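Protein chains: 4
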Amino acid sequence: MNSDQLSDQRLQEALKTAYLRGKEVTGKGAVATYIPELGKARPEAVGLCITTKDGKVYKAGDSNIRFTMQSVSKLLSLAMALEIRGYDTVFEHVGMEPSGVAFNSIVELDTRTKPHNPLINAGAIAVESLLIEYKQFEDMLNFARTVCLDPEITLNRQVYNSEMATCDRNRAIAYLLKSKNVIHTNVDTSIELYTKICSINVSAESLANFAMVLANGGVNPLNGERLLKESTAQTVKAIMFTCGMYDGSGTFAVEVGIPTKSGVGGGLLSVVDGKMGIGVYGPSLDENGNSIAGITALKYLSKELGLHMFA
Amino acid sequence: MNSDQLSDQRLQEALKTAYLRGKEVTGKGAVATYIPELGKARPEAVGLCITTKDGKVYKAGDSNIRFTMQSVSKLLSLAMALEIRGYDTVFEHVGMEPSGVAFNSIVELDTRTKPHNPLINAGAIAVESLLIEYKQFEDMLNFARTVCLDPEITLNRQVYNSEMATCDRNRAIAYLLKSKNVIHTNVDTSIELYTKICSINVSAESLANFAMVLANGGVNPLNGERLLKESTAQTVKAIMFTCGMYDGSGTFAVEVGIPTKSGVGGGLLSVVDGKMGIGVYGPSLDENGNSIAGITALKYLSKELGLHMFA
Amino acid sequence: MNSDQLSDQRLQEALKTAYLRGKEVTGKGAVATYIPELGKARPEAVGLCITTKDGKVYKAGDSNIRFTMQSVSKLLSLAMALEIRGYDTVFEHVGMEPSGVAFNSIVELDTRTKPHNPLINAGAIAVESLLIEYKQFEDMLNFARTVCLDPEITLNRQVYNSEMATCDRNRAIAYLLKSKNVIHTNVDTSIELYTKICSINVSAESLANFAMVLANGGVNPLNGERLLKESTAQTVKAIMFTCGMYDGSGTFAVEVGIPTKSGVGGGLLSVVDGKMGIGVYGPSLDENGNSIAGITALKYLSKELGLHMFA
Amino acid sequence: MNSDQLSDQRLQEALKTAYLRGKEVTGKGAVATYIPELGKARPEAVGLCITTKDGKVYKAGDSNIRFTMQSVSKLLSLAMALEIRGYDTVFEHVGMEPSGVAFNSIVELDTRTKPHNPLINAGAIAVESLLIEYKQFEDMLNFARTVCLDPEITLNRQVYNSEMATCDRNRAIAYLLKSKNVIHTNVDTSIELYTKICSINVSAESLANFAMVLANGGVNPLNGERLLKESTAQTVKAIMFTCGMYDGSGTFAVEVGIPTKSGVGGGLLSVVDGKMGIGVYGPSLDENGNSIAGITALKYLSKELGLHMFA
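Residue numbers (our numbering), protein chains in the order written: chain A, 1 to 311; chain B, 1 to 311; chain C, 1 to 311; chain D, 1 to 311.
Treat the hints loosely; a few may be bogus.
If chains are identical, the list can't say which one is meant, so a pair holds when it fits in one copy or spans any two.
[Unchecked claim] Below, a list of computed lysine-lysine pairs in the DSSO-like style, where the Cα atoms sit at most 30 Å apart:
| # | residue 1 | residue 2 |
| --- | --- | --- |
| 1 | K114 | K180 |
| 2 | K299 | K114 |
| 3 | K53 | K303 |
| 4 | K114 | K28 |
| 5 | K114 | K303 |
| 6 | K40 | K23 |
| 7 | K180 | K28 |
| 8 | K40 | K180 |
| 9 | K135 | K180 |
| 10 | K56 | K299 |
| 11 | K299 | K23 |
Bear in mind the hints are in silico, worked out from the structure with no lab data behind them.
Source: prediction; values computed, not measured.
Throw the hints in and build the complete structure from the sequences for me.
Now the structure itself:
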């Protein structure tokens with residue numbers, strides 16, 4: 001596929017169909033309720049946004065509704081840590097292997113010297129602990145605004161408070177990491193930062209923008225400004241492809257073939273390398289905690305537009 | 001064997017030989033250092049004490065040195081919880097199966113609904129959390145003084161402070177238990193109580209006394225006073241036999257055959273059912289964290305005096 | 001408890017009540033069907049037999065029905081290997097720790113140098129492989145007749161053939177043991193021998209007799225003949241207590257407190273040390289694969305007659 | 001990168017440097033010896049071959065030495081099964097998730113309904129069992145000759161015999177798969193076929209050719225003949241990327257970024273999608289069982305020529 005050959009019309013039509021396909025299946029999933037505040041989302045909401053390197057923006061449905069980034073924010077933390085602390089330091093504290101286990105696993109953590117990868121909770125907590133001496137949450141919020149090309153991003157206080165009340169498992173992970181000398185920060189501080197970053201409000205369009213920057217090697221294609229090092233973008237994309245969808249990462253790589261990261265807030269961020277970014281909102285989740293409408297829409301787009309990495 | 005048939009002289013001689021055998025091997029182990037304050041123990045110290053149902057006390061070596069109870073205190077907590085909360089409530093929150101894994105394992109905990117048994121850290125934290133609404137640490141200290149027939153038992157503040165500074169793994173366990181709804185208490189409170197009970201100062205004689213009370217079905221044989229329900233003593237002894245020596249419990253059951261609980265402070269508490277209690281102090285530990293002199297001495301006593309459960 | 005003090009009448013009455021209690025619950029379990037031939041058993045059958053050191057025999061129900069020994073035969077193999085190859089050789093090839101996992105587990109086997117213990121399939125296959133150069137199946141059959149005081153024991157060909165057709169998992173275990181150099185025999189030969197020993201026909205009375213011999217330290221109390229070394233009986237009893245009921249061994253030790261081994265044929269062999277042997281037949285199994293009537297009957301007998309090890 | 005822009009000279013020079021870099025490190029690894037016949041390889045041998053879509057062939061070192069395909073053959077079996085049995089049938093019997101464990105793991109297999117993916121031993125045995133009713137080994141040999149554009153491929157009888165003598169672990173895996181109803185074939189037949197396919201003799205050039213066909217969507221670029229369905233090539237490449245290097249797959253994806261499959265015979269097959277195939281021979285292996293010279297050479301080529309998927 002060559003994005004240049006994708007006419008406006010074809011893209012817009014494909015997006016509309018993808019949206020409708022996604023809409024159809026929202027009833028088969030359910031919104032996350034383990035964080036009570038997330039349970040208030042409208043399950044039938046679906047929003048899609050594609051932004052291309054040449055500056056075009058395509059939207060369908062609720063593409064400007066705000067929702068919390070949740071695990072999609074692990075990409076932000078990884079990117080920022082790579083920029084500030086460097087590749088070697090980051091990967092002394094976290095691996096880059098798929099875990100084959102659930103996002104919040106402790107089981108496997110204990111037998112290893114460091115978390116499997118930066119896209120599971122344990123790995124993200126380790127990555128963020130590398131940032132604590134260097135950056136405040138405000139800095140990370142500004143970083144998010146920059147790479148998402150979205151100055152409107154803010155902290156969602158209700159979700160943050162709701163999550164802080166239900167984060168015992170993440171505290172367990174952080175204390176285990178501390179006992180294994182992977183992190184050396186105060187656990188309360190680490191968990192607060194981790195939870196705040198999860199709780200920032202984005203839209204499908206913000207995610208599409210960040211994905212587009214990654215697709216374009218770290219450069220904002222609209223003005224040529226470099227926002228991330230090329231090596232940072234490359235590392236983030238490779239890890240997204242192998243580890244982005246938790247224990248369903250391999251299947252997603254085969255069936256959809258687009259590096260993607262999901263969050264339980266209903267967000268999906270997909271990088272069509274060299275071409276475009278795709279952002280999705282769809283809070284009705286499948287049994288793996290991924291947006292059920294989003295997966296359906298991405299499968300359709302991958303096939304219809306030939307977006308599979310190995311197509 | 002019938003304790004009545006064991007003459008004073010034979011017991012005293014066996015104890016002396018056991019002491020010398022233990023003394024010989026202290027150089028092959030090492031004192032625990034992961035809690036810095038424990039590292040100050042004299043590795044060559046060995047103390048043994050036997051107390052029999054008919055009120056006789058036999059001693060050898062450093063039988064009155066004070067040391068912290070550590071994991072032997074898990075017996076205290078289990079006994080007290082059985083007395084106050086009852087069998088059913090206790091075992092709704094903790095299992096009674098050997099874990100086959102290390103004392104501070106998290107690995108296996110995550111796949112289960114409750115800790116394996118009350119004699120590993122996770123299980124003891126769960127058990128103590130059942131006591132928090134009902135009892136203060138002072139009450140538990142008094143309980144220890146009562147069942148050990150030892151009013152001199154106190155909290156060792158130095159060890160307590162040292163442990164509190166290195167208990168991240170136990171905090172991880174407690175938060176995991178909380179996230180799984182096994183405990184509902186404040187984690188800081190639970191960890192404080194857990195660590196305090198681990199840090200109380202006993203002697204080999206105190207342990208022998210508690211063991212004798214258990215051997216005698218919960219009754220102080222010296223004055224006939226019932227200190228524990230018969231069912232409590234029975235349950236504690238059975239769990240000691242199958243789970244008391246961590247992942248070496250099975251081997252110890254075959255080779256020594258005396259229900260025993262160890263602690264990294266160097267203590268061992270052994271119940272020769274219906275006959276006597278044995279207390280050991282020997283801070284030089286083998287690779288499993290058990291007193292190396294103590295194991296050697298108990299093996300000798302078991303053979304020499306025919307104390308094996310199935311002899 | 002002192003068996004001498006148990007009058008004939010009290011024992012007989014307790015046994016009758018235990019039988020009725022067991023009978024009541026047979027409908028709550030189911031006969032094993034993974035070996036098709038076992039599926040033909042009458043689920044409502046229940047047989048109990050107690051044999052005491054002083055030569056008395058108490059029976060209730062279907063105590064003389066023949067059924068296959070299945071996993072109870074692991075005691076035979078362990079005892080014979082201890083007699084012929086010795087303690088050290090046996091435990092170089094198998095551990096003595098409870099596994100905390102199911103009888104036919106492979107999961108945990110791969111991370112260890114040898115099977116957990118001789119009473120799970122992997123351990124029994126390892127133990128029997130030690131016998132292959134020394135003994136034929138006929139020798140083992142005769143050994144069974146001797147220790148069960150039952151010359152009528154024979155191979156059940158139908159069950160044997162049925163099991164040989166469904167033993168892929170055991171073959172997997174045997175090949176894994178071979179690849180780890182735990183066994184060096186031909187796998188086909190090992191599996192044949194293993195399956196044959198599982199398929200010998202016993203009755204509740206045969207099991208009670210073998211249990212009585214173990215309870216009496218390896219000596220046939222009826223004629224004073226030593227059938228097993230004292231050390232063999234001691235080792236077998238200790239391992240039964242900690243490992244005899246698979247992943248329910250700890251709970252059984254606490255709640256019933258009698259060293260017992262179960263088989264999916266519906267048999268249970270229980271050793272009341274120094275006192276008596278108990279044999280059970282009850283092919284309706286609970287979810288752990290243990291005779292549901294048998295467990296119920298043993299719980300009753302333990303309480304009623306004070307047979308708990310720590311009572 | 002655009003392969004059209006890579007001049008002959010630049011490619012040839014990069015290949016030569018890659019060869020020298022690889023040659024330098026051969027002393028840091030060791031040839032496989034667990035299959036005795038493999039132990040006879042010259043550890044210092046290194047061969048590289050690149051074949052491009054426009055028909056050019058670049059070689060360095062021992063690019064025409066014959067060696068056995070070993071695990072690289074798992075790609076052949078997967079491709080053939082996808083062609084003959086179809087995507088749905090194949091993935092009913094095997095997953096597509098990275099395992100995070102070693103190539104011959106049994107540990108994790110037992111807790112799942114099917115093997116993790118087709119590129120570990122368990123998965124490959126499952127895939128090949130799907131072929132047994134449909135194809136003989138001769139058919140698979142011919143398939144290998146076709147997709148490798150190499151009519152000289154033959155079975156290496158010495159290696160085959162050597163492997164058959166040391167395949168107890170694979171037999172264990174096969175019997176476990178049979179007991180779980182993943183395979184229904186005779187285990188001996190399955191293991192023979194599996195071992196034969198591992199034992200076919202290829203060269204670095206054969207592997208480069210097969211890789212080029214995959215890079216070209218299943219079509220032989222030299223004559224336009226379609227050898228594999230486009231969907232087969234796509235699936236194989238995606239699984240190679242996430243699962244091709246065992247428990248080092250994630251790290252390789254980040255650091256090299258080229259879908260690659262390794263074998264303990266020293267082979268590596270790398271697909272630079274849409275551009276070229278790379279084949280490597282280097283029997284000195286690193287601790288993960290991958291060609292140490294090959295990894296070094298591929299890292300260099302990826303950087304120097306910009307071959308990383310996300311570059």
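Hints and how they fare:
1. K114 with K180: For K114 and K180, both the intra-copy (8 Å) and inter-copy (23 Å) Cα distances are at most 30 Å.
2. K299 with K114: Result: close only across copies, 24 Å inter versus 33 Å intra.
3. K53 with K303: Close inside one copy (20 Å) and across copies (25 Å); limit 30 Å.
4. K114 with K28: between (36 Å within a copy, 26 Å between copies)
5. K114 with K303: Intra 37 Å, inter 27 Å, cutoff 30 Å: inter-copy only.
6. K40 with K23: within (18 Å within a copy, 54 Å between copies)
7. K180 with K28: Answer is between: at 27 Å across copies they meet the 30 Å cutoff, but 41 Å inside does not.
8. K40 with K180: Cα proximity of K40 and K180: across copies only (24 Å, versus 37 Å in one copy).
9. K135 with K180: Within one copy, since 24 Å is at most 30 Å while 33 Å is not.
10. K56 with K299: Within. Shortest intra-copy distance 22 Å satisfies the 30 Å Cα cut-off; inter-copy 36 Å does not.
11. K299 with K23: within (14 Å within a copy, 44 Å between copies)
In summary, the structure agrees with every hint in the numbered list given earlier.
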